[in-house]
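Novice: Sequence:
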Amino acid sequence: MIPKESTRVEYGKTLKELGSQYPEIVVLDADLSASTQTKYFALAFPQRFFNMGVAEQDLMGTAAGLAVGGMIPFASTFAIFAAGRAWEQVRQSIAYGALNVKIVASHGGVTVGEDGGSHQALEDLALMRVLPNMVVLVPADGPETRAMTRWAAQYHGPVYMRTGRSTMPVIYGEDHRFQLGKGSILREGDDVSLMGIGVMVHACLEAASLLEKEGVSARVLNLSCLKPLDWELVVDSARRTGCVVTAEEHMVTGGLGSAVAEVLSEHHPTPVKRVGIRDVFGISGTPGDLLKHYGLTARDVVLAARQAMARKKGA
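The sequence shown begins at 2 in the working numbering and counts up one residue at a time.
Hints may be right or wrong, so weigh each one.
Said to hold, decoys possible - Taking lysine-lysine pairs in the DSSO-like style, the calculated list, with each CA pair at most 30 Å apart, reads:
1. K40 / K5
2. K17 / K40
3. K313 / K183
4. K314 / K293
5. K214 / K5
6. K5 / K313
7. K293 / K214
8. K313 / K228
9. K40 / K14
10. K14 / K228
11. K214 / K40
12. K228 / K214
13. K228 / K183
14. K5 / K17
15. K5 / K314
16. K183 / K14
17. K228 / K293
18. K214 / K314
19. K228 / K17
20. K214 / K313
21. K214 / K14
22. K17 / K183
Claimed, not checked - Taking CB as the label site, the calculated pair distances span:
23. N52 / K314: 52 to 62 Å
24. Y156 / A311: 19 to 29 Å
25. E89 / D237: 33 to 43 Å
26. R307 / N52: 28 to 38 Å
Keep in mind the hints are simulated off the structure, nothing from the lab. Using N, Cα and C, we set each Cβ at its ideal position, and we do this for glycine too.
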């Protein structure tokens, strides 16, 4: 059985480890440390932890000030608040000056579950991707979350990393290392490219196994570094397979699907099918039921792959 881990929990545990290595790391939260998992850092380093209360705009402004003072702030809250409520502060106080602030936002996507549409961030990646200087990351599992968190502590500049509430299958080994601007090939194939981020990476791997039973060879990419995107890998895969499916727990506009389509329209026009949320808000339900409701399962990726390949043949 494939082990499962929650990316928010692995972030919290790794942040505590980094606290011993980097005395300049400080952590800010918006009265959600039990949910974002910054509680581990708060217990270990109470003098370097700041609960800003339900004041996300103040949280981002304070993080910017701490960065100017030479600290390495990790600012955490729910994605809907980090990217939405505090967007102006992120833009003006952090991204505009390219300040060394790490925004790690939990509860992204519909797998937030029963909290419902008000708390299910489906637009956050688009809001962060559009900001100059901002690196945008969406880890696919626990090991990648740990690698990204360690990398972020060493990188000088603003970072937005989205973590999830539910557990996700483990894909990588403990020796996994993150490289800025690089995707990874998880499975080789020649007929269609399946490109995913976050929870949808495993859905792409599962879809590739289902397609193999139909005689279809699928190449699977993890594009967890959404910005800067590994455009060379995207173009190489499009050339190799002739058609592409993108899969994300996010609106199909502004996120991975848009990023891939933008690259291919300029460098190698290719049939693209986008799997994601289509211009609707979330609803309350279990994570599994919501993934099915919004067409975010391996079988939905398989259907999209068939449609993409049909367009390739018709081209």
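Novice: Sort out whether K293 lies within 30 Å of K314, counting only the CA atoms.
Specialist: Distance ~29 Å between K314 and K293 Cα, so the pair holds.
Novice: Would you mind confirming whether the straight-line C-alpha gap from K183 to K14 stays at or under 30 Å?
Specialist: holds (25 Å)
Novice: With a cut-off of 30 Å on the C-alpha distance, tell me whether K5 and K314 pass.
Specialist: Since the Cα atoms of K5 and K314 sit roughly 38 Å apart, the hinted pair is violated (cutoff 30 Å).
Novice: Please check whether N52 and K314 have a Cβ separation lying inside 52 to 62 Å.
Specialist: holds (57 Å)
Novice: Compare the distance between the alpha carbons of K214 and K14 with 30 Å, and conclude whether the hinted pair is satisfied.
Specialist: violated (39 Å)
Novice: Straight-line Cα separation of K228 and K183 no greater than 30 Å?
Specialist: holds (10 Å)
Novice: Does the structure keep K228 and K214 at a Cα separation of 30 Å or less?
Specialist: violated (34 Å)
Novice: Against the range 28 to 38 Å, how does the distance between the Cβ atoms of R307 and N52 compare: consistent or not?
Specialist: violated (50 Å)
Novice: Do the alpha carbons of K5 and K17 lie within 30 Å of each other, as the hint requires?
Specialist: holds (21 Å)
Novice: Within 30 Å, alpha carbon to alpha carbon, are K5 and K313?
Specialist: violated (36 Å)
Novice: Would the hint linking K293 and K214 be met if the CA-CA limit is 30 Å?
Specialist: Holds - the C-alpha atoms of K214 and K293 are around 22 Å apart, at most 30 Å.
Novice: Decide if the proposed pair is consistent with the structure: K214 and K40, CA atoms, cutoff 30 Å inclusive.
Specialist: This hinted pair is violated, its Cα atoms lying about 45 Å apart.
The structure fails hints 6, 11, 12, 15, 21, 24, 26 (numbered hints given earlier, in ascending order).
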